[in-house]
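Q: For reference, the chains in residue letters:
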Amino acid sequence: MKPEEPATTGADLLVKALIDEEVEVVFGYPGGAVLPIYDSLFKQNRLRHILVRHEQAAVHAAEGYARSTGKVGVVLVTSGPGATNAVTGLTDALMDSIPVVCLTGQVPTHLIGNDAFQEADTTGITRPCTKHNYLVKSVANLARTVHEAFYVARSGRPGPVVIDLPKDVLMNKHDYTAPDKPVQHKSYRPQVKPEASKIEQAIELIAGAKKPVFYTGGGVVNSGPKASKLLAQFVHMTGYPITNTLMGLGTFPASDKQFLGMLGMHGTYEANLAMYHCDVLINIGARFDDRITGKLAEFSPHSKKIHIDIDPSSINKNVRVDLPIVGDAGHALEELIRVWKSRQPRTDLKALKAWWAEIDGWRGRNCLAYKQDNETIKPQYALERLYHHIKDRDHYITTEVGQHQMWAAQFLKFEQPNRWMTSGGLGTMGYGLPAAMGVQIAHPDSLVIDVAGEASIMMNIQELSTVAQYRLPVKIFILNNQYMGMVRQWQELLHGGRYSESYMESLPDFVKLAEAFGAVGLRCHEPAKLDDTIKEMIAVNRSVVVDVLVDKTENCFPMIPSGAAHNDMLLGPDDKAAKPMSEEGMVLV
Amino acid sequence: MSPSDLVSSHTISVLVDNEPGILARVVGLFSGRGYNIESLTVAETDARENLSRITIVTKGTPMIIEQIKAQLDRLVPVHRVRDLTVEGPHIERELALVKVKGTGERRVEALRLADVFRAKVIDAKTDSFVFEVTGNSDKVQTFVGLMEGLGLVDVGRTGIVAMSRGSEAL
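Chains as they are written, first to last, in my numbering: chain A, 1 to 589; chain B, 1 to 170.
If you're looking for bench data, these hints aren't it; they were derived computationally from the structure.
Please read these numbers as outputs of a predicted model, since none were measured by experiment.
Idealized CB from N, CA, C, for every residue including glycine.
Be aware that a few hints might be false.
[Said to hold, decoys possible] Lysine to aspartate or glutamate pairs mimicking EDC-like chemistry, simulated, CA-CA at most 20 Å apart:
hint, chain 1, residue 1, chain 2, residue 2
1, A, Lys552, A, Asp373
2, A, Lys413, B, Glu19
3, A, Lys341, A, Glu195
4, A, Lys186, B, Glu87
5, A, Lys186, B, Glu19
6, A, Lys71, A, Asp445
7, A, Lys16, A, Asp175
8, A, Lys137, B, Asp17
9, A, Lys193, B, Asp73
10, B, Lys59, B, Glu19
11, A, Lys137, B, Glu19
12, A, Lys186, B, Asp73
[Unchecked claim] A short list of chain B residues far from chain A (calculated; beta carbon distances all over 12 Å):
hint, residue
13, Ser4
14, Leu15
15, Gly28
16, Leu72
17, Arg82
In isolation and in its complexed conformation, chain A is listed as follows (with noise of 0.2 Å):
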């Protein structure tokens, strides 16, 4: 007897197995290695999928989505030009730790090696721009391979997994294979569970603390919303302060007042110098960036470390710590309370006083102060206002890169975790705007703001054709100052002011930009329409383009110089005249 053809194809099974992989939405672009992934796509009704204008904007659309859900976004390209686009994507989920599955077409596999049309070599070039990826040289490998992509993309420390998929093995045809649950995984085994002696340990050194600071990152909104929660009750149980990292925004509320603000390069004074002066530091799911330590030699000197981190290469790579600990930041917090419930440790509360009157002291030097006249927009008087208006609402934010995110960092506050979507590690330009329509296809009721900038914004310009066509109600709130405006910064400061190549010339007319695209375009100018201009943008219940004309020359303070140390801040205009930057520092990024 003839065995039974199986009846379902590559693409089928693809399909398949994205539905037991709880996926709801696929952001791609078709193209000709990945046809009979849309004809299968177009049989069924599952899977939605969310046709952007650019793979780039596809991979920063998912983003969005996994951060602001929790989920693994999930990104269908074509080979070649499709993959090589999704590259910058792929980099930033990597740098900033994002869940997605990528599934880029590939020529047959008798063509891999020949030159073939719109062939390139897709995990060669992703290898070192994702967490993991795979050819799949065989049907039979297909499901298994999506199950085991999604279990990597998720587990452990989150990032971006590249699947690529051969035309032929698309079309030819084999059994389904379910996910086995739980997954045992042969060799990649992520440790959740911390060690118990060493969270006695940590307990131990938190305990006799007298200058602490909790300084916590994104690994804690990777672990999910109950580790903000556990964050918020341990912090609350030690009465220490707490700074977040840029991407750990949201996991401590942002109006409690043991929170001192956003640290590192253009963080808060107060949190700046606590990191600088604290004697015990416990840093839970950052990463000791660049950005946050200054020049390394002075980096918080006389502090007992602790590091809670899910991936061990991230424990010791940049700065020293006396009490590594590897494990999920949620599962740690866990013990962490549970222990210090179980001890009752006294803590030195003559000591924290004091601690606290130094903070105070340092919170009253008001180091975001700017002075807004009646003439010209004050870039964080608009962000100001935008809070304002938008505070009791369900709202989400995203950002694009450069002084309007380091703005939007500091005068929106954020009191829950997945609401802010900006890009960190590898600060991709034209990020905001595919991020923010990946969050409001995930929340579509919600209000979804894209901060951007002028120069930013024109990166993915033309993510508003798959914003009009989903009727995405997404704000693009610009902050438009004519510049590259970080550019212009670190030109006035470390370059004689000579402003080579940050002038944004020719600029479009954003709003009838916003109109030719079926949105609404808004301008404004005057500091006196603003909350006008703000209340129309939340009002109108479409996609709306604001054009905030902002004060064209203003700095974003504070600032630590590149190669500086935490007590060696600029906070305002006034201030870099006294202090010229070191030959190491110009060298820096």
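Add chain B to chain A, keeping to what the hints say.
A: Using the frame of chain A, we list chain B on its own:
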């Protein structure tokens, strides 16, 4: 100089899935992050489990060496990473093929030295030998150095394979 700045050489054994691209992952990690590779050997060691063993000799400060191991361990197809240099006594061996051209007294001297180094003659012509020499890198290097004066024309070295002493497996 403090001990944390001291650069030392480490021999690291890595057990990996024998799959396409695995060597590129390992080598790419070293080049991408600016680590040194002094020697690298790789071959399948367990056909049933489809495993390969990679032996890498690398150099760095203690912090860099820790980073290298953590980064290697983070690669998905990597099963185990062991730093043989810090994990107790181990043995290292390397094999070299050494071609020497010459006649008369030089040829006899080459053969005599080969005998001292327990190198085997694996090819002989009237005017040349190919020796196979095994040992630790120092021995191989010394032998190659001696042959330089005696008509050395070609050298191929395998790089180091290494294993811990005693009964424990990787």
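Q: Which hint numbers doesn't this structure obey?
A: 2, 4, 10, 13, 14, 15 and 16
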